[in-house]
Amino acid sequence: MSAMFAVYHGPNGLKDIGTRVHNYALILHYGLKSDGNKLTNELFFDTIRVEPKDDLIHIRQRATEKEINLRYYEDGSVGVALDETVTAQDINDLFYIFGTPNTFEDLSHTAEVLNMSINRSSFKRTSPYLTHPVFNIHHSETRIVRYMKTLENKDISLVHSMIPLGSCTMKLNSTTEMMPCSLKHFTDIHPFAPLDQSLGYHQLFAELEKDLCEITGYDKISFQPNSGAQGEYAGLRAIQCYHEARGDKHRDVCLIPVSAHGTNPASAQMAGMRVEPVKVKQDGSIDIDDIKEKAEKFKSRLSCLMITYPSTNGVFEETIGDVCDLIHKNGGQVYLDGANMNAQVGLCRPGDYGSDVSHLNLHKTFCIPHGGGGPGMGPIGVKSHLAPFLPGHPVVNPLGQNSKSYGVVSAAPFGSSAILPISWAYIKMMGPRGLKKATQVAILNANYMSKLLDPYYITLFKSPQSTLVAHEFIIDVREFKKSANIEAADIAKRLMDYGFHAPTMSWPVNGTLMIEPTESEDKQEVDRFCEALIYIRQEIQAIEDGKLDIRINPLKMAPHTQEQVISSSWERPYTREQAAFPAPFVRPDTKIWPSVARIDDIYGDKHLVCTCPPILPEYTY
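In case it helps, full-length UniProt numbering puts the sequence shown at residues 1 to 621.
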């Protein structure tokens with residue numbers, strides 16, 4: 001939205017908006033100062049600080065009457081910040097609040113006002129900005145809508161087909177859940193609005209916290225972290241503060257399995273911990289002997305264990321309770337990464353089997369959309385002994401007087417609170433039975449797909465006891481590099497021709513694909529994706545049998561764009577139909593065309609391009 005705001009208004013439009021805001025601030029500044037109020041800042045853009053001549057009690061009363069929130073400093077001064085929504089009437093209301101007889105209409109053309117402008121100071125901007133053509137051509141609603149549509153047409157999303165990214169939980173974001181995000185009573189409130197003006201939000205926070213505690217088995221939730229990684233950092237800092245409060249400042253060792261999410265060791269390092277890796281067995285499970293050895297070796301310095309359940313290999317590990325007990329026995333805490341919570345809701349609770357703290361990816365398990373990079377929510381749940389050490393806030397402290405917080409992890413006390421109604425609505429609409437069924441279907445879908453693909457691809461890790469997977473699974477495609485010169489990236493690119501986004505590539509095991517269907521996909525869509533993978537396996541077989549060229553074949557040349565397929569020149573040793581319509585379900589009327597042909601990944605990774613030429617041609621509509 002921010003990007004399109006800049007594209008639509010362009011440099012001139014943004015300057016006009018900024019100039020208007022600044023001029024209104026100039027009028028307010030001049031009007032208050034000329035009436036005897038002291039202004040503490042002579043250089044400003046949109047915010048002024050006033051030492052009022054009038055009594056603060058009267059100012060507060062009149063501000064309440066006009067429903068305007070001001071900032072009241074401890075020294076008795078008052079802060080006023082304007083933006084582009086402010087009108088002439090708002091300025092007159094502010095004059096009234098400060099007891100000033102001046103009006104916007106009287107001062108709007110006063111020469112002294114304009115003399116204070118930034119444009120007449122040494123701070124005037126002289127360098128160009130937003131010079132790229134895209135910021136200088138789409139300045140009508142018609143053009144901006146068409147431009148956004150051209151960008152949308154280049155993306156594949158859940159409106160087209162399932163997105164099987166393992167560990168990403170790309171589930172349905174339902175319309176009903178999303179509706180509050182565009183309702184003004186949710187969107188137009190300031191993060192630091194007085195508590196009596198945000199009672200609805202605080203009721204939502206309380207209900208969502210209660211529900212999440214019930215789901216996870218934790219005692220307290222902090223909504224402040226804005227991502228899973230921020231949640232990890234916040235949780236680890238809470239653990240460190242807990243140890244310090246007990247006089248155990250020396251506890252700084254964090255045990256992390258080698259199969260963990262990459263953010264785990266990064267967060268531990270940021271929290272000042274020393275990371276010690278824990279081995280993983282051939283079947284993907286944690287090496288109990290190794291973790292026991294290291295827990296005892298670092299007993300006096302052990303801070304915590306970071307672990308994911310089900311594991312990042314897509315397996316429920318039956319030893320999870322024993323592992324938690326082992327860490328506690330040696331003086332440590334257990335941080336359970338909540339990335340795979342979609343396999344637990346309604347079936348088991350981290351707080352019951354030994355975890356002390358987890359972050360919850362609301363943008364995964366609890367339906368907040370996160371494709372394209374945002375927005376995320378990574379609140380953390382903790383057991384009661386860690387609650388005093390959750391993130392605080394200097395303006396609105398969620399913990400009140402009981403806080404022993406180390407500080408903040410994001411600017412707002414409740415994080416990106418405007419998207420919390422999505423998760424609240426999801427939980428309320430699903431209810432306990434619905435949430436449990438969603439988890440069961442997510443696990444069922446993954447196991448169905450694993451079994452269906454068994455004759456064609458090896459599922460790398462399964463539970464040794466049940467031979468089942470959790471809510472996601474890893475298929476091993478490394479053998480195809482030897483037999484057909486085909487790698488995971490080739491399969492991922494070929495899936496584009498079938499109308500699918502790729503699974504997670506080469507993580508947590510290099511050269512593999514990790515698939516997570518979620519509960520949102522029905523059997524028809526799951527079958528369609530599996531059918532695409534089966535067709536691709538047959539193409540690999542054709543390469544192995546010499547029926548397709550090992551170097552120039554549909555996988556090595558994928559994806560195939562519309563421009564390539566309709567070109568008058570086609571010199572490849574396979575047909576256009578094989579390239580663009582490789583399966584019966586890929587039909588001309590529903591075909592999703594890749595917008596970019598094959599790129600050289602290795603070359604791109606090694607050759608950074610530091611310029612930004614025009615990305616799209618200048619369309620004339």
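Take the hints with a grain of salt, since some may be wrong.
BS3-like, lysine-lysine: derived pairs with alpha carbons at most 27 Å apart [said to hold, decoys possible]:
#	residue 1	residue 2
1	Lys547	Lys481
2	Lys124	Lys149
3	Lys404	Lys436
4	Lys428	Lys210
5	Lys249	Lys294
6	Lys53	Lys15
7	Lys184	Lys66
8	Lys210	Lys383
9	Lys15	Lys124
10	Lys556	Lys154
11	Lys299	Lys428
12	Lys279	Lys292
13	Lys404	Lys210
14	Lys436	Lys154
DEER-style ranges, computed between Cβ atoms [claimed, not checked]:
#	residue 1	residue 2	range
15	Val258	Asn136	26 to 36 Å
16	Gly321	Arg274	40 to 50 Å
17	Asp155	Asp46	28 to 38 Å
Hints were generated in silico from the structure; no laboratory data involved. Think of the CB as a built atom: it goes at the ideal place given N, C-alpha and C, for glycine as much as any other residue.
**Message:** Taking the earlier hints as the rules, which of them does this structure contradict?
**Reply:** Result: hints 2, 3, 6, 11, 14, 15, 16 break, sorted rising.
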